[in-house]
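Numbering (our numbering) for the sequence shown: 67 to 354.
Take these hints with a grain of salt, some might be off.
As the list claims (entries may be wrong) - Quick list of in silico lysine-lysine cross-link-like pairs, PhoX-like style, CA-CA up to 25 Å:
{"#": "1", "residue 1": "Lys89", "residue 2": "Lys77"}
{"#": "2", "residue 1": "Lys224", "residue 2": "Lys191"}
{"#": "3", "residue 1": "Lys103", "residue 2": "Lys195"}
{"#": "4", "residue 1": "Lys205", "residue 2": "Lys264"}
{"#": "5", "residue 1": "Lys274", "residue 2": "Lys103"}
{"#": "6", "residue 1": "Lys89", "residue 2": "Lys78"}
{"#": "7", "residue 1": "Lys191", "residue 2": "Lys337"}
{"#": "8", "residue 1": "Lys195", "residue 2": "Lys271"}
{"#": "9", "residue 1": "Lys337", "residue 2": "Lys195"}
If you're looking for bench data, these hints aren't it; they were derived computationally from the structure. Because the structure is a prediction, the values reported are computed rather than measured.
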Amino acid sequence: MREDSCILRIKKQYFELRPSEVKVADFVLRNIRETSKISIGRLSQITGVSQPSIVRFVKAIGYTSYREFKDDIIENIASNQAESNISLLQELNLKEKDKIEDVPRKTIKTTIKILEETLTSIDTKDFEKAITMIVNARKINIYGVENSVGVISDLTNKLLYLGLDVRRFEDTYMQNLSANNMREEDLAIAISYSGTSKDTVDILKKAKGTGAKTLVITNFEESIISNYADVVLHSSNSKGHIYGNAIFSRTSQIVIVDMIYRGIILSDYDKFSHILDRNGEISSYKSY
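With the hints as extra help, turn the sequences into a complete structure.
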């Protein structure tokens, strides 16, 4: 990680800190990623420093709150992940000497690798929690931008077929408006491959601020958007972008959507199979 923001602030103020604050500083400098995931209470237990002293520490290095301090760490981690990416052509496993006839084989090979990694990355307990959240939600709003839009459309259609109250918004103004009007019994689902798309992160943060439950589908376990999620379904254990996100991001996202669809049906097979049969009759009239 480059020396910027949080780490640089600590080093600049290090010799001005109180002894208790130095303990916190030492831990953070050695365990920056772990710090991004833990609460102030947990940090207090680990370092043996009181929570008020931790608050004094973050203010001493220039933050207004522990929340702002953690957000800056998460943003720095995400920024450094992006900087460490290998080139897109390398990610796509393409070379100038490759033949067009090799494209199908290479594409399928990469897709299989992504799907295998997704299978090993999905936490079954988190998956079960996600299904419960969706089934029990009064209203579901789904958010995302750019390459995630097609996946969002697919998830919306599937949930509608299952009789759930779901909607999606592509206009940023309507996204903000819908998120602002959510309630505690509602669910916001955000889909972001990188987990760093500013519009999607900000919308989920707004939805969580209303008390609504939040679910994130993303590729990387350590991402900014995960900070505002009650449950995260991530498709990779890696710390950085392994594949060309513009091309292959849909692969892992679509398969997670299909998992969710099947999981909902199995959560109450009689109920949802009946709904599917009833709604299937509507679409049958549109076929020759």
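Consistency of the hints with the structure:
1. Under the criterion of a C-alpha separation no larger than 25 Å, the hint pairing Lys89 with Lys77 is consistent with the structure, at around 13 Å.
2. At roughly 22 Å between alpha-carbon atoms, Lys224 and Lys191 fall within 25 Å of each other, so this suggested pair holds.
3. Distance restraint check for Lys103 and Lys195: the Cα-Cα separation of roughly 20 Å lies within the 25 Å cut-off, and the hinted pair is therefore satisfied.
4. With a CA separation close to 24 Å, the supplied pair Lys205 and Lys264 stays within the 25 Å bound.
5. As the CA atoms of Lys274 and Lys103 are separated by approximately 17 Å, the hinted pair is consistent with the 25 Å bound.
6. Between Lys89 and Lys78 the alpha-carbon distance is near 16 Å, which keeps this suggested pair within the 25 Å criterion.
7. Distance check on the hinted pair: Lys191 and Lys337 sit about 23 Å apart at the alpha-carbon level, within 25 Å; holds.
8. The straight-line distance between the Cα atoms of Lys195 and Lys271 is roughly 20 Å, inside the 25 Å bound, and the hint therefore holds.
9. Taking the CA atoms of Lys337 and Lys195, the gap is about 19 Å. The hint holds against a cut of 25 Å.
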